[in-house]
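Engineer: Construct all of the structure, not just a fragment, from the sequences and the given hints.
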Amino acid sequence: MPLSRLSICLVIATLLAGCKSRPAPEKPVQALAETEYFLRYIKPLFATRCVACHRGAAAPAGLSLVQRSGLFAPRKRDRAFVVPGDPSASLLLTSVEASGSHPRTIPRVRGTLTDWELGALHEWIEDGAFWPDNPDGFIQPVDPLLGKVQR
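In terms of this note's numbering, the sequence shown is residues 12 to 162.
One thing to keep in mind: the hints can contain errors.
Per label pair, the in silico range of CB-to-CB distance [unchecked claim]: (1) Trp-127 - Ser-99: 18 to 24 Å; (2) Arg-16 - Gly-96: 52 to 58 Å; (3) Asn-145 - Gly-122: 31 to 37 Å; (4) Asp-138 - Ala-68: 27 to 33 Å; (5) Ala-44 - Ala-68: 32 to 38 Å; (6) Ser-15 - Glu-137: 26 to 32 Å; (7) Asn-145 - Arg-16: 53 to 59 Å; (8) Pro-85 - Thr-125: 29 to 35 Å; (9) Gly-73 - Asp-97: 30 to 36 Å; (10) Gly-139 - Asp-89: 19 to 25 Å; (11) Glu-134 - Pro-71: 23 to 29 Å.
Simulated from the structure, these hints should not be mistaken for laboratory data. Note that beta-carbon positions come from the ideal geometry of N, C-alpha and C, so glycine has one too.
Structural biologist: Below you can see the structure in the form of structure tokens.
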């Protein structure tokens, strides 16, 4: 006895209903792009312009940029150093943007940040301030002229 089209469709529908869809990949393309942006622009910026002073327990304003936790740690009094997605609420960005009129230039080493550096920092914060939580996220201070790690 031949099966009717309806029977065949019901069998196929039942089989398909039991199939699970493929899970989403662990690292979506956006996360890879965020990691690349951090490694290409933000990590070198922090390494050459910030970490010489902003590292360890005695870092100015208590801001250590050696690893992720220093930037995103909750603060008791002031605004957060970085509010992912909100550059204007991020103390880090407003401090370096105001440094031209600020009596104590930030960063103190090699003068204020360039417009390009400010733009990269602004874009990074606006896009969520992604910082990898792995060894790639650890930052050593680098002398931009010598390309060597400062100790």
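Engineer: All the hints need checking, so say for each whether the structure fits it.
Structural biologist: Checked hints:
Here the CB-CB span from Trp-127 to Ser-99 is close to 20 Å, well matched to the stated 18 to 24 Å. Look at Arg-16 against Gly-96: about 53 Å separates their beta carbons, and that is inside 52 to 58 Å. Range check, Asn-145 to Gly-122: Cβ separation about 32 Å, and the 31 to 37 Å hint holds. The hinted window of 27 to 33 Å between Asp-138 and Ala-68 holds, with their beta carbons roughly 30 Å apart.
A hinted range of 32 to 38 Å holds for the C-beta pair Ala-44 and Ala-68, which are about 34 Å apart. One distance hint, 26 to 32 Å for the beta-carbon pair Ser-15 and Glu-137, is violated here, with the actual separation near 59 Å. At roughly 55 Å, the beta-carbon separation of Asn-145 and Arg-16 lies within the given 53 to 59 Å, and the hint holds. Between Pro-85 and Thr-125 the beta carbon distance is about 31 Å. The supplied range of 29 to 35 Å therefore holds.
In this structure, Gly-73 and Asp-97 break the distance hint of 30 to 36 Å, their C-beta atoms being roughly 21 Å apart. Under the hint 19 to 25 Å, the C-beta atoms of Gly-139 and Asp-89, about 21 Å apart, fit the expected range. For Glu-134 and Pro-71, the Cβ-Cβ distance of about 24 Å falls inside the hinted range of 23 to 29 Å, so the restraint holds.
In the structure shown, a violation is registered for the earlier hints numbered 6, 9, in ascending order.
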